[in-house]
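Peer 1: What follows is each chain in one-letter form.
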Amino acid sequence: MKQGNGTVPRIGVYVCHCGTNIAGNVDVKAVVDFASKLPGVVVAREYKYMCSDPGQSLIKNDIREKNLNRVIVASCSPHLHEHTFRHATLEGGQNPYLFHMVNIREQVSWVTEDKMSATEKAKALVEAAVYRVRYHEALETKEVPVNPDVLIIGGGIAGITAALTLANAGKKVYLVERDYSIGGHMAKFDKTFPTLDCASCILTPKMTAVKDHPNIHLFTYSEILEIDGYVGNFTARILKKPRYVIEDRCIGCYVCVEHCVYKTPKFPSEFDEGLGLRKPVFIPFPQAVPLIAAIDPETCIEFKSHRCKKTCQEACRDLVGRDAIDFTQREEVVEVQVGAIIVATGFKTFDARRIPEYGYGRYPNVYTSLEIERLVNSSGPTGGEIVMRDGRKPRRVGIIHCVGSRDRNFNPWCSRVCCMYSLKLAHLVRERTGAEVYNFYIDIRTPGKGYEEFYEKLMQEGVHFIRGKVAEVTDWTITPEETGKLVIRVEDSLVGVVRRIPVDMVILSVGLEPRDDAEEVRRQLNISCSSEGWFLERHPKLAPVSTFTDGIFIAGACQGPKDIPDTVAQAGAAAAEALALIDRGSVELEPNIAVIDEQKCSGCHVCIALCPYSAIAFNEEKNVAVINEALCKGCGVCVGTCPSKAITQQLFTDEELLAEIEGVLLV
Amino acid sequence: MDTFEPKIVGLFCNWCTYLAADLAGISRMKYSHNLRIVRVMCSGRIHPEFVLWAFRNGADGVLIGGCHPGDCHYIEGNYKNLRRFLLLRKLLEQVGIDPRRVRLEWISASEADKLKQVVNDFAETLRELGPFGTELPEEPVLDIHPKEEAVS
Ligand SMILES: Cc1cc2nc3c(=O)[nH]c(=O)nc-3n(C[C@H](O)[C@H](O)[C@H](O)COP(=O)(O)OP(=O)(O)OC[C@H]3O[C@@H](n4cnc5c(N)ncnc54)[C@H](O)[C@@H]3O)c2cc1C
Ligand code: FES
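Those protein sequence lines, which keep their order, are chains A and B. Every letter in the first sequence is one number past the one before it in our numbering, and letter 446, counting from 1, is 446. Every letter in the second sequence is one number past the one before it in our numbering, and letter 68, counting from 1, is 735.
Worth flagging that the hints you see were computed from the coordinates, not collected in a lab. Bear in mind the structure is a predicted one, so any value in this text is a computation, not a measurement. Keep in mind that the hints are not guaranteed to be accurate.
Said to hold, decoys possible - If the Cβ cut is set under 10 angstroms, some of the chain A residues that face chain B in the computed set are:
#: 1; residue: Ser77
#: 2; residue: His79
#: 3; residue: Asn103
#: 4; residue: Arg105
#: 5; residue: Glu106
#: 6; residue: Ala118
#: 7; residue: Tyr455
#: 8; residue: Cys635
#: 9; residue: Glu662
Said to hold, decoys possible - Now the stretches of chain A that chain B is said to cover, found in silico as 3 or more residues with beta-carbon under 8 angstroms:
#: 10; stretch: 119-132
#: 11; stretch: 516-528
#: 12; stretch: 647-657
In this text, a Cβ means the ideal position worked out from N, Cα and C, and glycines have one as well.
Bound-form chain A, shown alone:
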């Protein structure tokens, strides 16, 4: 074995038990004994929890007392505690990059069947580290300033909450919402469980506060085109789609809507889930923020034939004096610079058509829960009256839980809010219509403050609960009692009989799913998704709003199904994380950048074309390639390619990696 970087290595090896997480499946003592005999190792110790204070003190004291110049900790994943131990090394008086971490928990004890093999594997990885660290060198980190502005993608309750928190702390926020208005799903609800507060009473003031806040720049009907950069220094290109209404001229007076050549609304309103109608020029809903009209080119005559009388435009100009309508408006691209990004793009609901047995789209009186939210809403298409498509009031209503959720054929997960919103809708339907309401459930899941009590209350209200997974909704009736009704066929698993329940109206409690474009957003941002498609948090418990990409945080239902209280809490956490980053003022970048040895560079240009960040330029005078440190992100592609071996990647030099490979193979 070579001497490494010249200094005589004095290595300390620390093997963590992690309680029984490691010690339960790795013979820690054997690993320590083994390590203590490896060349260069001055001290090898075991400890119950290396990440604890006393664990870290072991390192610090040994550095001082035993003059260590290399530190190895064999414990969990470096993604969890590398930072912790680098810091301990620094506090002990050594450069933090003289430390190396060995992953014997996630990649050894937890994944290996028998203790003997696990112990062997742990030894191999420790030996590799001992080989590797002798090539380690003291490195300097580079500090870069953090841009104090924040970009938030998605203006549902999560995005709104995060935006207001940051703006109130004096930070400038760019909030980008794809739809015409902010508000997300919550804006569609009438009441929210379990307190039955009026959704718009709690949401509208927040939406208005967003619009009025001097620190918030709101982009609605806009999308992200591209994100570039890294923690502290992102550039976002935002696409503002044309709404054919000049935003700062429109005052939301509805005069254009009233004067549209269509005298009555004719097209399904997206906001009302198609249950209500709108005109080609419209304001999505009365509490919309911003309260600005928009023209839908798909249905507007002017866009289709250029032959419209354009009475809306005329009315706006002549009656209101604003001249806000502009049929020639084009999309616009705006570029902003930010230091942190919060992703709050929410969810979509399960498409009930995927379960044809339940008859959605076939029987007019089968509804999704989101449609019912609009029906019970006092500003909805029926003014809050619960009537069916044929205008009748339902007398018997069936609510089917878990549609698309907890089902191996569709989504295996529990959508967490459906039980509670089903109970909410049961209460509202019963209150407004006096109908008999039947809930068909697999299990009732009501964990949450005041949730079980709400369930209790519903049972006392006389709502019926039938336990069983519904087999079918059919219009094939048998008895006179069933005539003209929809029949819900279910095995009542508490009684053990198959029942047929005739109802007038069926509500499908559709589950929550990742948005269709989650994959695209994930790529734009360079973050990860879980296998289900929800955005992946850095750690499920300890870093629930961080991602593996520094400076990008997630909040709300885009991370997984959750209700409004949890969404708001998470949004607050994401805002706090962003604030912590901004107020620190600067970030330390990993020194894993590439460095060129001018002596060795032959000036072949190969690396220049390969660098994904255009970080390499050519110095004609010296005939060598030159790396711009500020642009290099440390992928190492140029290093793996350079035919003259003139480039090294700090922290991942050839020597370090080859030594590590050699080491893992020794045991």
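Position chain B with the ligands relative to chain A; hints supplied.
Peer 2: Just chain B with the ligands now, kept in the frame of chain A:
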């Protein structure tokens, strides 16, 4: 118990396959113990020499793990790696090494299942192939990088 147990070196990128290996642990999946992981920031960092060096030092197989095409944390390091990998396989074949001893897999951070299945499957293949060198011709076609020089 004299069944041959191969040694596998895993060269995994930090952002996808290494995280998948972490996830496999967090999910307490059990897979073949033969894999020993070396972390690099991106699969694009991996020089063919790493693979040859691994064989030289006793590996029976090398598993390269990177992000799916289009998903590389550094835009397209995985493509660069793929190009080298294809060449490397040709080279191995020419010197008489069974190209099945190197395997390239795209495994994303959430695909712990895939990681487990790939490692188990690869270990099985290598058990069938036997120790590295079994298939090498008597007269070496090419002397793989001498050990001492590589780390000088
Ligand atoms: C029928 C039903 C009833 C419910 N009732 C209740 C209740 O009573 N109480 C309760 O606590 N919870 C309830 N919930 C759950 C509640 O809807 C969620 O907790 C909440 O909406 C999550 O908020 P969010 O901001 O994360 O997501 P969303 O509300 O989905 O908001 C996301 C926003 O981001 C925008 N967006 C998405 N993608 C992009 C993009 N790429 N670029 C820009 N913008 C984008 C969307 O247009 C949207 O405005 C109910 C859910 C359903 C389905
Ligand atoms: S970061 Fe995974 S292959 Fe580039």
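Peer 1: Taking the numbered hints from earlier one at a time, note which ones the structure violates and give those numbers from smallest to largest.
Peer 2: Number 7 only.
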